[in-house]
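Chains A and B, in that order, give the protein sequences. Going by this note's numbering, the residue at position 380 of the first sequence is 380; the numbering climbs one at a time, nothing skipped. Going by this note's numbering, the residue at position 32 of the second sequence is 32; the numbering climbs one at a time, nothing skipped.
It is worth saying that the hints were derived from the structure and are not from the lab. Ideal placement from N, C-alpha and C gives every residue a C-beta, glycine not left out. Take the hints with a grain of salt, since some may be wrong.
Stated by the list, open to error - The following residues of chain A were derived to be distant from chain B, with all beta-carbon distances above 10 Å:
1. Tyr56
2. Asp124
3. Thr143
4. Lys174
5. Val280
6. Ser336
7. Ala376
8. Leu518
9. Lys636
10. Met638
11. Leu639
12. Leu663
As the list claims (entries may be wrong) - Label pairs and their computed distance ranges (CB to CB):
13. B:Ser18 x A:Gly120: 32 to 42 Å
14. B:Ala75 x A:Asn210: 39 to 49 Å
15. A:Ile164 x B:Lys65: 33 to 43 Å
16. B:Ser18 x A:Ser252: 23 to 33 Å
17. A:Gly311 x B:Gly9: 51 to 61 Å
18. B:Lys2 x A:Asn210: 34 to 44 Å
19. B:Ser18 x A:Tyr220: 51 to 61 Å
20. B:Glu71 x A:Leu305: 33 to 43 Å
21. B:Gly57 x A:Gly311: 52 to 62 Å
22. B:Gly57 x A:Gly133: 18 to 28 Å
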Amino acid sequence: MEFALFGNPNTGKTSLFNILTDSYAYVGNWSGVTVEKKVGDLSNNKGQLIDLPGIYTINPLSKDEAVATEYLMNGSFEGIINIVDASQLLRNLQLTIQLLEFGAPMIVGLNMIDVAKSKGIRIDQEKLAERLGVPIIPIIARTGKGCDRLLDNLSVHQLKTSSIKIDYGPEIEKLIEEIMRLLPSYSKISRRWLAIQLIDANFVVRNKLNEIMDLSLVDYLIKDCEKKIQQRYGEKSIRQFLFKRRQQFIQSILADCVTKQSVNKKSYTEIIDAIVTNSVFGVITFLGLMFLIFKLTFDWLGSPLSDFLDGLISGPISGGMEIILEALHVTPFIQSLILEGIIGGVGGVLVFVPQIFILFFFISLLEDSGYMSRIAVIMDRILELVGLNGKAFIPLIIGFGCNVPGIMAARTIEHPKERLLTILLTPMMSCSARLTVYSLFVSVFFEQHKALIVLSLYVLGIVVAILLAKIFSLFIKTEESIFVIELPPYRVPQVRTLLRSTWDKGKGFVKKAGTFILGGTVVIWLLSYVGPAGTNVEADESFLALFSQWIAPLFAPLGFGTWQAAASLFTGFLAKEIVVSSMNVIYFVPDGESLQHIVSGVFTPLSAYSFMVFILLYVPCLATVATIKKETDSKKWMLFSIIYGLMVAYTISFIIYQGGRLLGIGQ
Amino acid sequence: MKLTEGQLGETYRIQNLSNLHEIVQKRLLDLGVIEGVEISCIHKMPFGGPYILEVCGQQISLRKKDVECIEVEEA
Numbered sequence: 001m002e003f004a005l006f007g008n009p010n011t012g013k014t015s016l017f018n019i020l021t022d023s024y025a026y027v028g029n030w031s032g033v034t035v036e037k038k039v040g041d042l043s044n045n046k047g048q049l050i051d052l053p054g055i056y057t058i059n060p061l062s063k064d065e066a067v068a069t070e071y072l073m074n075g076s077f078e079g080i081i082n083i084v085d086a087s088q089l090l091r092n093l094q095l096t097i098q099l100l101e102f103g104a105p106m107i108v109g110l111n112m113i114d115v116a117k118s119k120g121i122r123i124d125q126e127k128l129a130e131r132l133g134v135p136i137i138p139i140i141a142r143t144g145k146g147c148d149r150l151l152d153n154l155s156v157h158q159l160k161t162s163s164i165k166i167d168y169g170p171e172i173e174k175l176i177e178e179i180m181r182l183l184p185s186y187s188k189i190s191r192r193w194l195a196i197q198l199i200d201a202n203f204v205v206r207n208k209l210n211e212i213m214d215l216s217l218v219d220y221l222i223k224d225c226e227k228k229i230q231q232r233y234g235e236k237s238i239r240q241f242l243f244k245r246r247q248q249f250i251q252s253i254l255a256d257c258v259t260k261q262s263v264n265k266k267s268y269t270e271i272i273d274a275i276v277t278n279s280v281f282g283v284i285t286f287l288g289l290m291f292l293i294f295k296l297t298f299d300w301l302g303s304p305l306s307d308f309l310d311g312l313i314s315g316p317i318s319g320g321m322e323i324i325l326e327a328l329h330v331t332p333f334i335q336s337l338i339l340e341g342i343i344g345g346v347g348g349v350l351v352f353v354p355q356i357f358i359l360f361f362f363i364s365l366l367e368d369s370g371y372m373s374r375i376a377v378i379m380d381r382i383l384e385l386v387g388l389n390g391k392a393f394i395p396l397i398i399g400f401g402c403n404v405p406g407i408m409a410a411r412t413i414e415h416p417k418e419r420l421l422t423i424l425l426t427p428m429m430s431c432s433a434r435l436t437v438y439s440l441f442v443s444v445f446f447e448q449h450k451a452l453i454v455l456s457l458y459v460l461g462i463v464v465a466i467l468l469a470k471i472f473s474l475f476i477k478t479e480e481s482i483f484v485i486e487l488p489p490y491r492v493p494q495v496r497t498l499l500r501s502t503w504d505k506g507k508g509f510v511k512k513a514g515t516f517i518l519g520g521t522v523v524i525w526l527l528s529y530v531g532p533a534g535t536n537v538e539a540d541e542s543f544l545a546l547f548s549q550w551i552a553p554l555f556a557p558l559g560f561g562t563w564q565a566a567a568s569l570f571t572g573f574l575a576k577e578i579v580v581s582s583m584n585v586i587y588f589v590p591d592g593e594s595l596q597h598i599v600s601g602v603f604t605p606l607s608a609y610s611f612m613v614f615i616l617l618y619v620p621c622l623a624t625v626a627t628i629k630k631e632t633d634s635k636k637w638m639l640f641s642i643i644y645g646l647m648v649a650y651t652i653s654f655i656i657y658q659g660g661r662l663l664g665i666g667q
Numbered sequence: 001m002k003l004t005e006g007q008l009g010e011t012y013r014i015q016n017l018s019n020l021h022e023i024v025q026k027r028l029l030d031l032g033v034i035e036g037v038e039i040s041c042i043h044k045m046p047f048g049g050p051y052i053l054e055v056c057g058q059q060i061s062l063r064k065k066d067v068e069c070i071e072v073e074e075a
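Please put together the full structure from these sequences, using the hints given.
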């Protein structure tokens with residue numbers, strides 16, 4: 001049994017989803033549409049819950065919102081859970097009404113009753129349920145209060161289909177009837193709902209109907225009616241008229257069910273915002289927070305944990321395995337594969353798991369607390385100058401964790417061209433996989449200034465992205481850009497939600513280490529183990545070396561023209577962490593400790609920095625490239641992202657290395 | 001008058017929104033922001049950056065050029 005979760009943005013949808021479900025069963029694709037859906041198993045094992053993007057109305061503006069509408073029309077759900085913010089009923093019920101008009105069995109989760117109470121709002125739930133015609137369960141999704149009851153009520157015979165019918169006035173009602181007569185009679189979706197959505201100019205509904213019928217008569221009727229509405233009621237548009245009729249209906253319900261006493265108390269949000277969105281302190285607070293996050297991730301918390309893990313892998317695990325393999329009299333080939341290939345390669349990447357999880361934890365914290373939308377406001381002025389929008393900063397920050405969800409987060413940007421720009425620039429954000437490379441090199445060459453050097457790379461990524469945005473926006477003409485963003489009240493993040501979203505983001509990395517990187521490492525190991533002369537050849541005689549020697553001279557002007565560097569860069573296209581695994585394998589070192597020793601002999605601080613810059617900017621990894629193709633729906637943009645990345649990386653690394661040599665720094 | 005000409009923290013009533021970009025108008029409608037509703041500016045970002053507005057019991061942010069298009073009167 002499948003249930004769909006609908007609600008406005010920032011109403012606690014994710015918290016409710018996390019409480020009602022045990023785990024994400026899967027994240028999959030819709031057929032035909034490039035859209036991701038999140039499905040979770042209900043914790044009473046009675047079915048599955050589909051998590052949909054937050055929407056204000058069924059009539060979408062952005063691609064993200066269109067997902068919800070498309071699911072409503074094409075999904076195979078048995079019932080709807082509509083989560084409603086009790087402190088914002090007037091706005092939230094607009095969506096509820098449209099869902100009720102749709103006519104699917106539904107239950108309402110009346111969330112944040114505690115917030116409503118503190119604002120002096122009292123709601124008569126029974127009366128409200130009666131007026132809406134569907135059951136209403138009061139809940140506090142953040143603490144889980146009432147959610148058990150909601151879960152118990154989730155069965156088809158308890159969910160009700162409301163018989164609610166809003167009177168849109170004689171002109172519109174006549175129009176609805178006329179359109180209903182034109183619609184195909186076999187439609188499984190309520191024809192009244194389809195007609196209302198057509199009048200509201202819902203493009204998803206329109207496109208779908210346009211496939212099966214000619215809409216020119218419908219369009220004519222709507223145009224004609226709009227004129228009448230404008231003349232008779234002095235309304236600006238038919239859409240606004242529909243909105244007002246719904247609002248009147250909602251107001252009549254609220255007048256019966258809700259009482260409000262004014263409470264004169266400064267909220268937390270106002271107090272925090274006085275500093276955080278202050279014109280002077282806002283930017284300082286933001287930069288300070290970013291610096292703190294980096295310090296914690298790389299210096300204070302992350303490094304000791306990574307070192308500990310590294311000690312464990314290179315010491316007891318590697319040593320223990322060697323003893324076991326010896327005892328089992330395993331052939332040298334297999335021994336070498338396991339110790340040098342698998343433990344060396346995969347272990348070298350696993351060492352960075354703590355840092356990656358810490359970074360994801362902070363990104364989740366920013367998302368969950370409500371600060372993320374303030375960042376969009378603070379950054380909007382700068383991004384506007386380069387043809388982007390403050391909202392683009394959110395995908396970019398998420399891109400620090402992993403570019404793939406970052407690119408997907410660009411869906412919330414309403415303007416298609418701004419969205420495309422954001423997608424193309426997100427790969428410049430230094431993702432956590434690249435971090436593994438930095439961690440390796442900074443610990444060798446920049447022991448004293450670890451966090452600073454890593455921060456400089458992140459900043460370089462942002463600066464390059466901003467410059468490129470300016471250049472791209474000259475070609476990809478953005479018309480007028482749009483920036484409207486809701487600033488939700490701050491909320492104390494819930495531990496459960498935080499841990500879960502950290503895990504959801506980070507588990508991909510661990511999984512990747514076990515599959516992709518394991519496979520890649522084994523292949524690289526094999527290529528470096530065999531050569532024209534047979535197996536177990538000297539590294540320089542292997543197929544990997546022979547192949548890489550062709551490309552290596554290309555990188556000489558950048559300071560790293562060795563075949564080893566070329567080979568690891570080549571494999572880094574699969575996933576950037578593989579660069580570290582490859583180096584571990586190529587240099588025949590079973591653990592990070594001695595790789596650091598070798599690296600310090602092959603690179604200079606300058607060429608190491610140039611190498612890190614190259615890793616930062618060159619081709620996005622395979623998964624990112626695939627996501628770009630999916631999200632832009634274009635091979636052209638995918639190829640473009642690969643080519644411009646290579647060009648930019650080569651140019652900037654060249655400038656850094658040659659410039660550094662001229663100035664005589666870091667040799 | 002334009003909303004940008006008003007005082008920070010003062011409440012005004014919206015008179016006209018039709019000069020705004022159509023998509024902005026639609027999003028504002030979704031948020032319940034229509035003519036006749038009360039609105040106030042609570043913060044503004046430096047260097048001509050966006051404004052933070054309080055309207056219909058929620059906070060939203062709009063660019064300065066859009067806020068200039070909102071015509072208001074004394075509430």
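(message) For each hint given before, does the structure comply? Return the numbers of the non-compliant ones in rising order.
(response) 1, 5, 7, 19 and 20
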